[in-house]
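Trainee: Numbering follows the working numbering, in which position 92 of the sequence shown is assigned residue number 1127; successive positions increment by one, without gaps.
Bear in mind the hints are in silico, worked out from the structure with no lab data behind them.
Any given hint could be a false lead.
[What the hints assert, rightly or not] Derived DSS-like pairs (lysine-lysine); straight-line CA-CA distance at most 30 angstroms:
| # | residue 1 | residue 2 |
| --- | --- | --- |
| 1 | K1062 | K1276 |
| 2 | K1251 | K1276 |
| 3 | K1062 | K1251 |
| 4 | K1276 | K1241 |
| 5 | K1062 | K1241 |
| 6 | K1251 | K1241 |
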Amino acid sequence: MKPEIMIVLGIFLTFAILEAVFTSFYKKPYQTHADVIVESVSTVATLGLIQPLIVLMSATLLGWAIPLYQGSLAGLGFLSGFALFLIFDDLAVYCWHRLAHSVPALYNLHRPHHNGEYMSVRVTFRNNIFYYLFSPPIWLSGVLIYLGLGHVYAVYLVMKMAVILSSHSDIRWDAPLYRIAWLNPLIWVVERIIVTPAAHHAHHGKHLADGATHYKGNFGNMLIIWDLLFGTAFISRQVPKRYGVENLPETTAAEQLIWPLVHAPAAAQVNKEGKGNA
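Please model the entire structure based on the sequences and the hints provided.
Mentor: Now the structure itself:
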């Protein structure tokens, strides 16, 4: 197993253990049997099958189409290569995520991520199988790896996953920092660069009216800079009292995992007043 994968697994296990000790990893508030199924299947499928398959398919297709360009960016400086991943992965995730909250058909694929009425590291990879399979950022990352930036991606992946896993967990590393007065200038800068737990929890809130929920923004994956640039950021340091989807009918585990193979058109329709997390 590659070192970066081991580090990412270590980060996941660290938050899982912390949740098990302090907030209950296995039994979250409002958790259902369907939640366990969706999270287990989507996480295993995404990490164990879909992402490796996309990287392999990218290499295979590009090897057939442009074999002379394999490794052509290997000599690029680390910072330049890192910047390419920020654009073609992190910014691309922002765009894909924002689009998924704007197009009802795509929201069908993304809704499972919001359907759980709690926050946890378990939720991180919770999405419809096709959401990741058709995700442009994963394919673009596969292209950059084929072009010789795999060594940069190893570092980028660890940094990205550290932010993403921490922002989904209900073990909030940012909360104590808000209470330390002399750290306020530092955390003010940090929460405007990366996605903090407070910022992402706001995106998962269930009720817009509670003042802490902002599911129509905070689309950033690792960096919240994109939200600030495009006017979708909401930084309040508060977290919602409830999580989940608002004004949408219930759905099943099968619908969450493999729509449109299991069709549930009503589950993703946003009403004409613009209600609902889409």
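Trainee: So if I understand the rule, the pair passes when the alpha-carbon distance is 30 angstroms or less; does K1251 with K1241 pass?
Mentor: holds (11 angstroms)
Trainee: Straight-line Cα separation of K1062 and K1251 no greater than 30 angstroms?
Mentor: Measuring from Cα to Cα gives roughly 28 angstroms; hence the hint holds.
Trainee: Starting from K1251, check that the Cα of K1276 is at most 30 angstroms away, please.
Mentor: The hint holds at about 17 angstroms.
Trainee: Does the alpha-carbon distance linking K1276 and K1241 stay inside the 30 angstroms limit?
Mentor: It holds: about 8 angstroms lies between the C-alpha atoms, which stays within 30 angstroms.
Trainee: Checking one constraint from the list: CA of K1062 to CA of K1276, max 30 angstroms. Satisfied?
Mentor: Distance ~18 angstroms between K1062 and K1276 Cα, so the pair holds.
Trainee: Do the alpha carbons of K1062 and K1241 lie within 30 angstroms of each other, as the hint requires?
Mentor: holds (19 angstroms)
Every hint from the earlier list agrees with this structure, and none is contradicted.
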